[in-house]
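Once you've looked at the hints, dock chain B against the given chain A.
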Amino acid sequence: SQKIEQNSEALNIQEGKTATLTCNYTNYSPAYLQWYRQDPGRGPVFLLLIRENEKEKRKERLKVTFDTTLKQSLFHITASQPADSATYLCALHTGGFKTIFGAGTRLFVKA
Amino acid sequence: SAVISQKPSRDICQRGTSLTIQCQVDSQVTMMFWYRQQPGQSLTLIATANQGSEATYESGFVIDKFPISRPNLTFSTLTVSNMSPEDSSIYLCSAGRAGTGTDTQYFGPGTRLTVL
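Read top to bottom, the protein sequences are chains A and B. The working numbering numbers the first residue of the first sequence as 1 and each following residue consecutively. The working numbering numbers the first residue of the second sequence as 112 and each following residue consecutively.
This is chain A alone, in the form it adopts within the complex:
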């Protein structure tokens, strides 16, 4: 079955550093992949989408890469700030309007 793996351990980094989160998937070849941010007590918020024919996508301090050979996406936040502290979810498009979400990685940015 399709499976998405995100690092279940929280990521702790110092303010100003680059945070890198990993999303690995198996048993599927998605046409695109999405990243969402979720704050405690809130629903996920869409951040970025990257298609299978795109290697990299940027939006302000965010960068996403997509390696369909490795079946992996990396999500980078440069010049991280305490306000970036949240859980980041990877989501795979699986056909039609179906999306599978990873469990997310919690990021803590210390001032």
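Everything labelled a hint here was simulated from the structure, so no lab data went into it. Check the hints yourself; a few may be wrong.
[Stated by the list, open to error] Partial selection, computed: residues in chain B whose CB lies under 7 Å from chain A:
no., residue
1, GLN152
2, SER153
3, THR215
4, PHE218
As the structure is a prediction and not an experimental result, all values here were calculated from the model. For glycine and all other residues, C-beta sits at the position ideal for the given N, C-alpha and C.
Below, chain B alone, put in the same frame as chain A:
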């Protein structure tokens, strides 16, 4: 984008009772979904709410337990029936627009349900 509101934001219910959660979108959307999320877990899709017809349920979820209505393009309800403590979770409504080339979804704030 779409702004989604849910009511109630949280509730504590007794075993055996039912709770209906409302979801309102600020603009017309094609697709509406209901998810469940346990603390620290991924989102699990319960069903797709179809306007004017029966919802499409995912494996492990049935209409008798989770009846869903969608009377128009901006509103849906999810009922959690005959609740047990195992139903304690966060229930999230989401919406998206088909035909945009992607399935980007917009989420409500969630309803935190505790069943005693």
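Tested hints:
1. Checking B/GLN152 against chain A by beta carbon gives a least distance of about 6 Å; that is within 7 Å, so the hint holds.
2. At about 4 Å, the closest approach between the beta carbon of B/SER153 and any beta carbon in chain A falls short of 7 Å, and the interface hint on this residue holds.
3. Annotation: interface hint on B/THR215 holds; nearest CB of chain A at approximately 5 Å, less than 7 Å.
4. Using the Cβ-Cβ criterion of 7 Å, the hint placing B/PHE218 at the interface with chain A is satisfied: the shortest such distance is roughly 3 Å.
In the structure shown, no violation is registered for any of the earlier numbered hints.
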